[in-house]
Every structure is written in structure tokens, then in C-alpha cells.
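*Asks:* Sequences listed follow chains A and B, in order. Note that our numbering gives residue 111 to position 75 of the first sequence, counting from 1, and the numbers run on in steps of one. Note that our numbering gives residue 190 to position 188 of the second sequence, counting from 1, and the numbers run on in steps of one.
Do not rely on the hints blindly, as some may be mistaken.
[To be verified] Below 30 Å or equal to it, Euclidean Cα-Cα: the simulated DSSO-like pairs (lysine-lysine) are: (1) A/K156 to B/K206; (2) A/K174 to B/K206; (3) A/K145 to B/K206; (4) B/K22 to A/K156; (5) B/K178 to A/K156; (6) B/K206 to A/K187.
[Stated by the list, open to error] Computed list of chain B residues with no C-beta within reach of chain A, every gap over 12 Å: (7) A30; (8) L134; (9) N152; (10) Y188; (11) I321.
The set of hints was computed from the structure by calculation and includes no laboratory data. The beta-carbon is built from N, C-alpha and C at its ideal position, and this holds for glycine as well.
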Amino acid sequence: MIKLLEARGVGKRFGGLTALSDVSLTINKGEVYGLIGPNGAGKTTFFNVLTGAYVPDDGEFVFNGTELPTGKPHLVVEQGIARTFQNIRLFGQLTALENVMAGHHIRTKAGLWGILTQSKHAIEEERLTTERAFELLKYVGIERFAHTICKSLSYGDQRRLEIARALASEPQLLALDEPAAGMNATETTQLKALIEQIRHDGVTVLLIEHDVKLVMGLCDRVAVLDFGKKIAEDVPAVVQKNDAVISAYLGGPKHAH
Amino acid sequence: MNELVEAIPFLGKRYPKATKWLIIILAAVAPLIAAYFGRSWMRILDFALLYMMLALGLNLVVGFAGLLDLGYIAFYAVGAYTWAFLASPHFGIHMPFWIVLPLGAAFAALAGIMLGFPVLRLRGDYLAIVTLGFGEIVRIFMNNLNHPINITNGPQGINALDSLNLFGWNLSQSIKIGDFQIHYLYLYYYFFLLCVIGSIIFIKRLQISRVGRAWAAMRDDELAAKAIGINTRNMKLLAFALGATFGGVAGGLFGSFQGFVSPESFSLMESIAVLTMVVFGGMGNIAGAVVGALALTALPEILRNIALPVQQAVFGTVILDPEVLRMLLLSLAMILMMLLRPAGLVPAHARYSRPELLKGGA
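All chains, please: the whole structure from these sequences, using the hints.
*Replies:* In C-alpha cells, the structure reads:
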């Protein structure tokens with residue numbers, strides 16, 4: 037198995053609050069890796085540190101054998117990590133297609149001069165971007181809304197659009213922050229199929245999720261965070277029976293804090 | 003252009019082609035119509051075009067990139083003073099326009115970057131306050147840099163600026179063809195019109211490019227924009243610099259047209275006036291900036307010309323000074339706008355892509 041991402045002793049503190057402490061984990065190429073834990077366990081903080089939104093206080097991330105830059109989100113995206121947000125964050129005044137096209141930004145190079153003079157290269161790049169974006173909309177199944185302002189899409193479709201936008205940056209690792217939140221059962225099933233398809237097409241997936249059924253059915257391996265610490269990491273079936281995990285979720289005598 | 007056509011109620015939707023031609027013809031013959039009412043109207047028309055350039059540039063910063071800039075007029079000042087320094091008897095330098103205008107634009111862009119760096123982390127109200135301060139700093143500099151070395155000639159301003167000289171063709175001299183005379187205000191009008199059209203084409207191209215989308219993304223959600231790989235720092239600086247460039251060019255043209263610059267032309271009220279044009283027309287779309295600039299330059303003048311005779315006819319004397327009335331009616335217009343059309347006169351949805359590039363797509 038080839039290591040894709042390795043977190044080494046990552047720690048993050050906000051004043052007196054320790055959001056993450058000494059979190060180490062390894063994600064292999066081609067797997068769906070789940071990150072679960074009770075509310076406030078530090079899952080989203082982990083995402084934010086990974087994607088460069090926060091600078092970690094300790095530790096580092098190694099991606100494809102090179103250390104990831106910290107605090108520079110656009111460089112992290114360039115390396116091949118894309119993310120979605122827990123609360124959907126689309127570009128409200130753009131159409132669905134334009135949202136996905138914006139996601140392709142980092143892979144396009146047209147400069148000011150090319151744009152102003154409408155050089156052949158710039159137009160060709162723009163055409164490729166448009167076509168690719170449309171294909172991605174097809175991929176997630178919402179191409180009929182390509183020219184609709186994204187705000188008027190349904191909730192589930194907005195989630196799909198956000199995934200398409202993340203995929204537009206051609207990532208090797210796709211980090212999804214609670215993609216099934218607020219979805220009904222049908223939508224969750226469709227989402228599961230989509231994530232499986234994404235994995236099948238060669239993108240590694242890191243998944244934060246509350247929906248235990250989804251995580252257990254989808255993930256190859258799962259890590260559990262509690263109070264900023266990793267308390268378990270294994271295949272779903274084993275993690276489910278782990279005492280520390282059970283007490284973290286349900287509370288129990290072994291859970292001393 | 004199409005945005006503008008679509009925004010015209012009734013006519014635009016039903017006869018888009020005809021409306022388009024109507025706008026083109028109107029733009030071409032506008033000075034002739036204005037001349038019918040008098041020279042001052044032609045001057046107003048020329049100024050309307052300058053304000054259009056300003057509104058277009060500010061719209062790029064405020065409307066596209068979402069950076070509220072209350073000191074935009076500073077870039078206009080930089081352009082105008084560049085013209086005053088390099089093409090007037092003040093320093094005895096008389097450079098041709100094709101050096102001075104680009105230089106003015108470059109200085110303005112530099113000023114834009116200088117403003118951009120310290121405000122990178124600011125947003126909303128805080129950004130507005132700093133940019134407001136920046137605008138005032140530039141104006142106060144112009145006002146006080148006459149001592150100990152006289153650079154800007156202080157509050158008196160600099161006069162006798164060179165007029166536009168297009169490779170030996172002086173725009174401020176009327177052309178005589180036989181008995182027929184073309185007044186210089188016409189020449190300026192068409193030259194400014196060309197500049198405005200050029201600006202519109204440039205800005206439109208930017209808008210539907212990766213840069214325009216990056217700006218819109220940053221405006222709609224900065225955190226998400228960063229997360230999809232947009233270097234927001236560079237994009238903000240680019241927006242400030244490019245917006246300032248248009249201000250700088252407009253400033254140079256203003257200097258050449260007016261023949262006189264002084265700090266009082268670049269007060270906070272002017273910044274606010276340009277911002278009002280952008281908001282009045284509809285933020286974030288090009289047609290809005292054009293319509294807003296035209297409306298807010300022409301309307302007060304029309305009111306002024308109507309208010310006087312009407313009052314005289316009705317009351318026998320002038321009760322309300324037109325200047326007072328002007329602010330009153332302008333405020334009233336703004337309030338009505340906020341109530342009736344909060345998205346601006348031309349609330350057309352701005353496109354940031356070219357769907358026609360899709361082969362066989364939806």
C-alpha cells in the first residue's frame with residue numbers, strides 16, 4: 037500500500053483549549069478513510085489544519101512524500117488536496133457551472149495579458165475549463181442545473197455541487213466534511229454511491245461523518261477522535277467494538293476526563 | 003452591451019437587436035442633441051463619460067471583488083496630478099499623452115497596490131474606513147506639498163495643463179472644414195467614448211475569465227475561495243491595482259480636459275459620488291456602472307435647469323436654491339431606489355463564464 041497522507045503528531049491549541057493533541061494517522065492511496073468522533077472532538081479542526089486554513093502548533097503533514105505548507109490554503113490545493121465544508125459554502129452569485137469553473141482556477145494559467153488580448157491559448161484554456169466543469173456536473177448528476185444560480189438548487193444538489201467544485205481542482209485526496217449532514221435517506225444512499233464512484237476513479241477520500249451507518253458501510257479504515265486525541269484507528273468492524281470508542285460516544289467509567 | 007439591452011424593460015426583451023442599435027445611435031449622436039440645448043450640456047456629457055470610466059473601475063473593485071473602497075477618487079487624483087506634473091508649465095515639462103497617460107495609470111496602479119497591502123486582512127466596515135483614510139491622505143498631500151518645496155502648488159492647484167494632443171492633433175481646438183465647424187467638446191466626447199468602450203471591453207473580458215470568477219468567488223465566500231485554491235492575496239491586489247488603473251487614466255483625461263487640477267476636485271464627496279453611481283446602477287455589472295454614472299451626472303443638471311424656471315413661473319421668485327434642491331432630490335432618489343430596486347437600476351445577473359464555449363452542452 038502506498039502512503040498518500042501522513043499526519044505526524046499534529047497539535048492545535050486555541051488559547052487554553054487544546055483542540056488537537058498529538059494526532060498521527062496515515063491515509064493510503066485509494067482508500068476511503070473515515071474520521072469520526074463526538075461533537076467538538078476536533079474533526080473539523082483537523083480538516084482546517086490539514087487544508088491550511090489554520091497553522092498547526094505542533095507536528096506536520098506529509099503528502100506524497102513532501103511536507104505540506106502550513107497556513108497557505110491555495111498551495112495545499114495545488115499539491116492535490118481539496119475539501120468541502122460542513123455548512124455548504126458555495127459562491128452564491130455564480131451559476132452551478134461557474135462554481136465548478138472557479139474550482140478549476142488553480143489548474144489554469146492564463147495571465148492578464150492573455151485574457152485582455154483574448155489570446156488563442158487563453159480561449160482554449162477557457163473552453164477546456166468550461167467543458168471539464170460541465171462534465172463534472174454530469175458526474176455528480178446535476179448538469180441540468182448548469183446555468184442556474186447555485187443558491188436556488190436544492191440542499192442535496194448543493195452538496196453535490198460542492199463536491200464537483202472540489203473535484204475540479206483535480207485532487208488526489210478529497211476531504212469531505214460531513215457530506216451527509218441534513219440529507220434524507222435517499223439522498224444519503226445516492227451520496228454513498230457517488231463517493232464509491234469517486235474512489236473507484238482513483239481519488240482517495242477522507243470523510244468526516246456523523247452518520248454511523250454511512251461511515252461503517254463506506255470506509256476502509258476509521259480513526260476516532262475524542263477531545264482532540266486519536267483514541268482508535270482500525271477497520272470499521274473493530275472500531276465499533278472498541279471500549280474507548282463506546283465510552284466516548286455513550287459516556288462511561290473508562291472515560292476519565 | 004447585452005446586459006444593458008436586457009435590462010431595459012419591455013423594449014430590451016422584445017426587440018433586442020433594435021434596442022442595441024438604438025443605444026449605439028444614441029451614443030453616437032448624443033453630443034448633437036446636447037449641443038441643441040447648449041454648450042454646458044456637452045461639457046456635462048463629457049464629464050458623464052469620465053465618471054463612467056471611474057464607475058467602471060470602482061465597480062471592478064467593489065462589485066466584482068467585493069472590496070468596499072471609499073477612497074477611490076485618490077487614484078483619479080494620482081492620474082490627474084501625473085498629467086499636471088508631466089504636461090504643464092508647472093515644471094515646464096510637456097510630455098506627449100502616450101507617455102503621460104500610461105504613466106498616470108501605472109502610478110495609480112502602484113498607489114492601488116500600496117493601499118492593497120495594508121488592508122489585505124480587512125473586510126467590510128474596517129476596509130471602508132481605511133480606504134476612506136487613504137483617499138483623505140492623498141488629498142491632504144496634494145493640498146500641502148507646496149512647502150518647503152513646491153510640488154503640487156497646494157490648494158491653488160495647477161493650471162494651464164496641456165490639452166490632449168493626439169500625435170499633433172490638438173483635441174482642444176475646434177476643427178474647421180470650410181464653413182462647418184466641429185467644436186472641441188465633440189472631439190473630446192468621441193475620444194472619451196472610445197476610452198469608455200475600450201474599458202468596457204477590457205472589463206468584460208476580465209469578468210468572464212478565470213480572474214473574474216476568482217474575484218466573484220472571493221466576494222461571495224472568502225474562506226471557500228481560499229479552500230478551492232484561489233490566492234486571495236494576489237487577487238485582491240490585482241483588483242485594487244486594476245481598479246486604480248482605470249481611475250488613473252480617467253484622472254489624466256480629466257486633467258487634460260479641464261486644464262486645471264486642484265485638491266478640492268478629489269474630496270471624499272467625489273469618492274462617495276462615484277460609489278453612489280455604482281450602487282445606483284447595480285453593483286457587479288458593467289451596464290449598471292454605465293447607467294449609474296450617466297444618470298447621476300445628468301439628473302442633477304436636468305433638475306437644476308428645470309427647477310429654476312419652474313419656481314420662477316409658479317412663485318415669481320426662486321424660493322429653493324437649486325443646489326439645495328439637488329441634494330434633496332438626490333437623497334430622495336436614493337431612498338426610493340433602496341425601497342423599490344435595492345439591487346440597482348440594472349439588476350441583471352452578471353455572467354462570469356461563456357456557456358457558448360460548451361459544445362453541444364445545455
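*Asks:* Now tell me, hint by hint, if it's right for this structure.
*Replies:* Outcome of the hint check:
Proximity of A/K156 to B/K206 is assessed by CA-CA distance (about 17 Å); at most 30 Å being required, the pair is judged to hold. Between A/K174 and B/K206 the CA atoms are separated by roughly 28 Å; this keeps the pair inside 30 Å, and the hint holds. Under the criterion of a C-alpha separation no larger than 30 Å, the hint pairing A/K145 with B/K206 is consistent with the structure, at around 19 Å. For the suggested pair B/K22 and A/K156, the alpha carbons sit about 28 Å apart, so the restraint of at most 30 Å is met.
Between B/K178 and A/K156 the CA atoms are separated by roughly 44 Å; this puts the pair beyond 30 Å, and the hint is violated. For the hint pairing B/K206 with A/K187, the CA-to-CA distance comes to about 24 Å; that is within 30 Å, so the pair holds. The beta carbon of B/A30 is kept farther than 12 Å from every beta carbon of chain A, the shortest such distance being approximately 25 Å. Non-interface status of B/L134 relative to chain A is upheld: no Cβ of that chain comes within 12 Å, the nearest being about 26 Å off.
Consistency note on B/N152: stated as away from chain A, and its beta-carbon is indeed over 12 Å from all of that chain's, at 38 Å minimum. With a minimum CB-CB distance of about 29 Å to chain A, B/Y188 clears the 12 Å threshold, and the non-interface call stands. No beta-carbon of chain A is positioned within 12 Å of the beta-carbon of B/I321; the least distance is around 46 Å.
Going down the numbered hints, you'll see the structure goes against just number 5.
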